[in-house]
Amino acid sequence: MASFILNGRPVTVDADPAMPILWVVREKVGLSGTKFGCGIAQCGACTVHLDGQPVRSCSTSISQAEGREVTTIEGVAGPDGELSKVQQAWVSEQVPQCGYCQSGQIMSATALLRDNPSPTDADIDAAMSGNICRCGTYTRIRRAIKVAAGQEPPRTEAMGEEA
Amino acid sequence: MNDMSPEKKKSGLAKWSRRGFIGAGVLAGGGLLIGIGVRPGNPIGSLASKVAPGAGEQLVNSWVKIDMNNVVTAIVPHCEMGQGAHSVLAQMLADELDAAWDQVQVMQAPADGSYVVSDTARMFAAPFTLNAADWLEPTWDGLFTQLGKSMDLLITGGSSSIRTTGQNQMRIAGAAARQMLVGAAADAWGVPASEIATRDSVLTHEASGNSAPYSEFATAAAEQSMDHTPTLKTRDQYRLMGRSKARTDIPAKVNGTAEFGIDAVPEGLELSYAAVVRPPVPGTNVTAMDASRAEGMPGVLQILNMGNFVAVVADSYWQAQQAVNTVQIDWSQSESPVRTMDDQFAVFAAALDEAGETGGNQAAARGDAPAALAEAATVLEAEYRAPYLAHAPMEPLNCTAHVADGKCAIWTSTQVPLMARSEVASTIGIGADDITIHHPYLGGAFGRRLGSEYVAMAARVAQATGYPVKMIWSREEDTQKALYRCADMSRMRAGLSESGALVAYDSVFTQRHDPAEACVPAIYNIANTSVRVAEAELHLPFQAWRSVDHSQQGFFIESFIDEAAHAAGTDPLEYRLAMVENAPRHKAVLEKLAEISNWRGPNAEGTAKGVAIVESFGTIVAEVIEVDMTSGKPKMTNCWAVCDAGYVMNPDGFRNQIEGGIVFGLTAAMYGELELKDGAIVQSNFHDYKMLRMDEVPNIEVALINSGDVPVGGAGEPGLPPAAPALANAIFAATGRRLRELPIAKQFT
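Sequence lines, in order, name chains H and G.
Those letters in the first sequence? Residues 1 to 163, by the working numbering.
Those letters in the second sequence? Residues 164 to 912, by the working numbering.
This is chain H alone, in the form it adopts within the complex:
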C-alpha cells in the first residue's frame, strides 16, 4: 500500500513500492494528464511536483512519495478550474501543437516561476531544457513563461490580423 497526498487529497493505492509515480497516477488513480514519453527521465513529459519540486515521475518510485505531496497537471488550476497564470499564458501565446508534452512543460515552468518569479533567458534554459517538445514549440514556451512572469504582455487574440 502506498499513501500520499495527490493534488491536495489523501490517496491510498495498492501498488508495488517500486512502481513509478507515473504509472500509479495514470493507471491506479486514473489521472491521465501526466504523460509517458521515454521512461528514463530524458524527456520531461511525465514531470510532476513532489513536495513542490519538479521530478520525473517515470523514474521516481511511489515509495519515495510516501506521505508526501504529489501535484500533477490536474492540480495546477484553481479549485473552480480557473487556469493558473502559467496555463493562461500557454493559451494566450497559443503554445501547444499536439499538446502531449505540455503537461510536463507547464509543471516545469510552474516550478521555475514559483522559485524565480523573474527568470532570465538563461534561467529559462536551465529550468526547461529537461523537457522535449517534438512539435518544436520552444520559442512559444519561452514567451509564455515571460508572459506569466509579467515580463511581456499577453498577445490578445489577433482579430483582424491579415498576414
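A hint or two may mislead.
Simulated crosslink set (DSS-like; lysine-lysine; CA at most 30 Å straight-line) [claimed, not checked]:
hint, chain 1, residue 1, chain 2, residue 2
1, G, Lys570, H, Lys85
2, G, Lys570, H, Lys146
3, G, Lys570, H, Lys28
4, G, Lys755, H, Lys146
Since the hints were made in silico from the structure, they are not lab data.
Since this is a predicted model, take the numbers as computed values, not measurements.
Given the coordinates of chain H, work out where chain G should sit on it, guided by the hints.
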C-alpha cells in the same frame, strides 16, 4: 516532367474546387444536418496516391450540424495531431456560414464506415438522387458503393487538410448551409432572399425589421433546394479566414484533460496492459524464447509468442515492461546484406555507380544536361548523404484493443483510422463492419501514424487474450523497431558558365517516394536539367516522415546550389534571386527574407548566415539561419523564415507550424541519425537519439506573404526542408567547411 514552371504545375486545382455533392437532412430533435462529399481531382498530397490506387477518386464526407440552440458543429474528417486542422477547418466553415465563432464546436468524424455510408448517407440519398440529373457528372455512378470503399482514404497527411477538405468541403458546406437558411427565412418572411443579411448566426431583413437566429430556420432549411455550387466568399468578405483565431483544442491541452490514444479508458472495460519486444533486425522472427523469469513476476498474466514479436500482458504497463525485459529471445537470421550504415551506403553507391552519368530512371529532364555539362566552363561534383531517422512522436506508439464475440474495438492515435481498420480486419479475420476505431488526439505523428502495424499487433494480442488490452511500446521499441525516414545518397553535378551562371544540373540518387517533384530543382530557371533515380534496397522499412523526400532533397539541392553560388563568387541569396527572376512569388519571398534577416547588412560579431529556399506542398518557404561558430561548435542564434502559401487561413496557426517545422528540421540536421550494428539500430532513447532542447533553439521569426490568386498551400511540412541546408550553408559561410552529410553536431566534436 516537361514543364518545370511552378506556376503551371498547380493548374489542376481550380477547375473542380466548388464541385461537390451536397445532401441535407433534419436532425433528430430539429436542426439542420448537411453533408458534403467531394471528388477532388488533385492529389491529397501525394501520400494518398501511394497508399491507394486511383487516389484521384478520393471521397471524403464531412458534415455540418446546426442545432436548436444555434450551435454550429463542424464534423471534421481529419485527425488532430498538433497541426490545428480541427480548429482551422471549423474556422473556414464558420466563415462561409457567417456563424458566430463562439458558438462553433468541432467534432471528430467517427472512423466508422457504416455510420458514414448507410444511416447518414441514406438521409442524404433522397434529395441527392432527386435532382441528380441536373448536376451529377457521369462519373458519380455507383457513388455510394465507391464512397464506402474509398473511405479508407480518410487520411491526415501531406499538409493537405486546408487545401482539400477546407477549401472544397468545409467552405462549401458552410456556404450551402447559409444559402439554405436564407432561403427558408425568405419563404417565411415573404421577402427576396437577396435582401437577407447574415452575421454571427443571425438572419436579418432590414426593410421588414425581421431578425432570427439560425436555429429558428434550421429545420426548415433542410427542405430548401440546394445549390451545389454555392457562392463562396471572396477574400475581402472573409471575417474568420485569414484571422488568427485561437485554437479550439488548446484549453484542454493545458489542463491535462485532452485525451490522447494512450489515455483511452474504455467505459465498462477493465484493462490489462501489454509490453512488447519486436525483432531487432527487420523481417526476422522468434525462433526460441525463454520466459521463465517473467513467468513469476508480479502482475504478469500472459506471455505470448506472436511469431514476429513477444508480448507480456500484466496488470500494469510497468509490470508488463519489467517482465518483457527479462524474456530471452532468439531471432531468425536476416537476409539483408546490410549490417552497418557503411554497408547501406555501399549498397547506395553501387546503384549510383551502375547508373553512372546518364543511367537510372529519368525523373525529370529539360534541355540537354549531359551536353551542357560537357561544354560548361566549370563543373562541380559532390556526393551528399542523409541518414535514417525515426519519427519519435512524444506519445509512444500504443493501441488499446478488445476482441470479443466476433467484434473488435480499437482505441488508438492514428492518421489513417480506416486503413488501420482494414489492416486489423485482414490481420485478425474480423470484417471491417465489426471493427470500431476510436481515435482521439494524436501525441504527434509526423508521418509515423500513417502506418498501422502497431494497431494490428494490439488486435492480435487482444484476440489471443480475449480480454481488453492496452499495448504500449517502450521508447526503445519506438526508436529501434518502427518505420523510418529512409537514408539516401545523391551524386550531383553542376555546370557553370564563364560568368558563373548555373547552366546545367544533374543529380542521381537512390530513393524516391513523395512528393514526386521533391527531387527536381524546379523553382530555378536552369536551362539543362537531368534528375535520375537509381533505386537501391533499404535495410529499414520506410515510412513517410515530415516533408518526406523534401527532407533529404531539400538538403541535397539547396546545399549544392550554395556550392554553385560560392564557386561563381556570388552571394548565395543574390545567386538564387537571379535564378528566380521570372518567378515573382519566389523572388518576393527571397527579397523579403533579405530584408528581415538584414542579409545585405553586416553580420553580428562572430556570426554568419546561410540561406535556403524550398517550395513544398504548395508553399514557398525561404529561411536564413544565423550561426555562431566562435566556440568551434555551431550555436544557432537566429532563424528568419518567409513563407508564401498563397493565402494563410490562420496566420498564427500557420506560424506555429512553420516554427515547428524549422525545429524539426534543425533537430534532424544537428542530431538525427540512426546507426546500425549487426543490422540492428544502435540508438534507443532520447539520450542517444537526441532532440533539440530549449537552450539550443534559435530565435525564430516567421513572416508571411499572401501573394494572392493561387491555390492555397500547406503548413505542416513546408517549414522543414530549408532548415538543414540553411544551417549547413551558414556553417560554410562561417568556416569554409562544406557539410555534405548529416547530422552536423558530431562533425564538430
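Evaluated hints:
At most 30 Å may separate the alpha-carbon atoms for a hinted pair to count; Lys570(G) and Lys85(H) exceed this at roughly 47 Å. This hinted pair does not check out: Lys570(G) and Lys146(H) have alpha carbons roughly 51 Å apart, beyond 30 Å. A distance of roughly 28 Å separates the Cα atoms of Lys570(G) and Lys28(H); the hinted pair therefore holds under the 30 Å criterion. Taking the CA atoms of Lys755(G) and Lys146(H), the gap is about 29 Å. The hint holds against a cut of 30 Å.
When held up to the earlier numbered hints, the structure conflicts with 1, 2 and fits the remainder.
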